[in-house]
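For the record, the sequence lines run as chains A and B.
Note that our numbering numbers the first sequence so that position 180 is 180, with each residue one more than the last.
Position in the second sequence (first residue = 1) + 269 = our numbering.
Treat the hints as calculated values from the structure; they're not laboratory data.
The model shown is predicted, which means the values in this text are computed figures rather than measured ones.
Beta carbons: idealized from backbone N, C-alpha and C, even for Gly.
It cannot be assumed that every hint is accurate.
[As the list claims (entries may be wrong)] If you want the footprint, here are the derived chain A segments under chain B, 3+ residues with CB under 8 Å:
{"hint": "1", "region": "25-36"}
{"hint": "2", "region": "39-47"}
{"hint": "3", "region": "130-140"}
{"hint": "4", "region": "186-198"}
{"hint": "5", "region": "239-245"}
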Amino acid sequence: MLMNLTDEQMDRYSRHLILKEVGPEGQIKLLQSRVLVVGTGGLGSPVSLYLAAAGVGTIGLVDADTVDISNLQRQIIHTTADIDRPKVESAAVKLKAINPEIKIEPWLLYLDASNSLDIIRQYDFVIDGTDNFATKFLINDACVLAGVPYSHGGILRFDGQTMTVLPRKSACYRCCFHEPPPAKSVPSCSQAGILGAVAGMLGTIQAAEALKFITGAGSLLTDSLLSFDAKTMNFRRVKLRKRPDCPVCGENPSIIELSDSEREACGLK
Amino acid sequence: MEIRLNGESRCINAAHLTVAGLLEMEQVPSPEMVAVQIDGEIVHRCAYNDTMVGDRNQVDLLYFMAGG
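Turn these sequences into a full structure, and let the hints steer you where they fit.
Right, here's the structure in full:
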């Protein structure tokens, strides 16, 4: 689709336009792109704010939850006045305020085996900003099956980890983590805590990966897991390989359709 | 023997060490909390007791993180 930037867009996105890796062509790609952010919490807040500001034309937001006062320590898209409001609704208002020309598609639901593929297929890139293993594995499997690239993100206490997955081209989350850990073997942020700013550190990395994927700038965080410890500010990137025996993206996959069994294994059902 | 654990050199005072033994030595509270990669290959969780860590192996302990 041919498209020219308006004068206002030239002003709004001027700092992108002077980057040679983005420029007008990259900005037009951003304006025409569709990104799905799953979870409008600690990671989804910074991710969606930066994507909206960057001019990602359509942002889908998935969350069935409402804003709780305990979210406000890190979920910076929501304010005290938003308590009890659906998170997707609260987030949509802020994103439109930053950038009225983008479109927000709110999905007031949780992803499950029955709806994930239909929703994910409508987008160019997916951000995993969820807070449980069942949905993290579900997003991985759905993105691999649908062939939609995505960014995995996880945070706990002072730590964060992220990887970018290009389905069937680079290592997926299951290539590394295989299957969800048994219920209760790994604590959640509500059990173990999370430094609010760590969500911002990791979320902005995920947003940058989405913007790089869409514009084609730089090289992606594929075939590797980036982790950091904010206590020491040590960052480490571990190389990963796409596994031929991966249960979802390998040569003889055992996962050929989605199921909610992981939700049961994780004690969510 | 000497291994590289999470990118750092580590002397191990043992001739034989399993992945399970290493996790215990590293005080990983539960072996189910990590994915273990040795020289670029992920070790399956059910093989931690049977997989040996060898001299000069590069071992990465990759923690599961669910938060978002």
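How the hints compare with the structure:
| no. | hint | result |
| --- | --- | --- |
| 1 | 25-36 | violated (count 0) |
| 2 | 39-47 | holds (count 5) |
| 3 | 130-140 | holds (count 5) |
| 4 | 186-198 | holds (count 4) |
| 5 | 239-245 | holds (count 4) |
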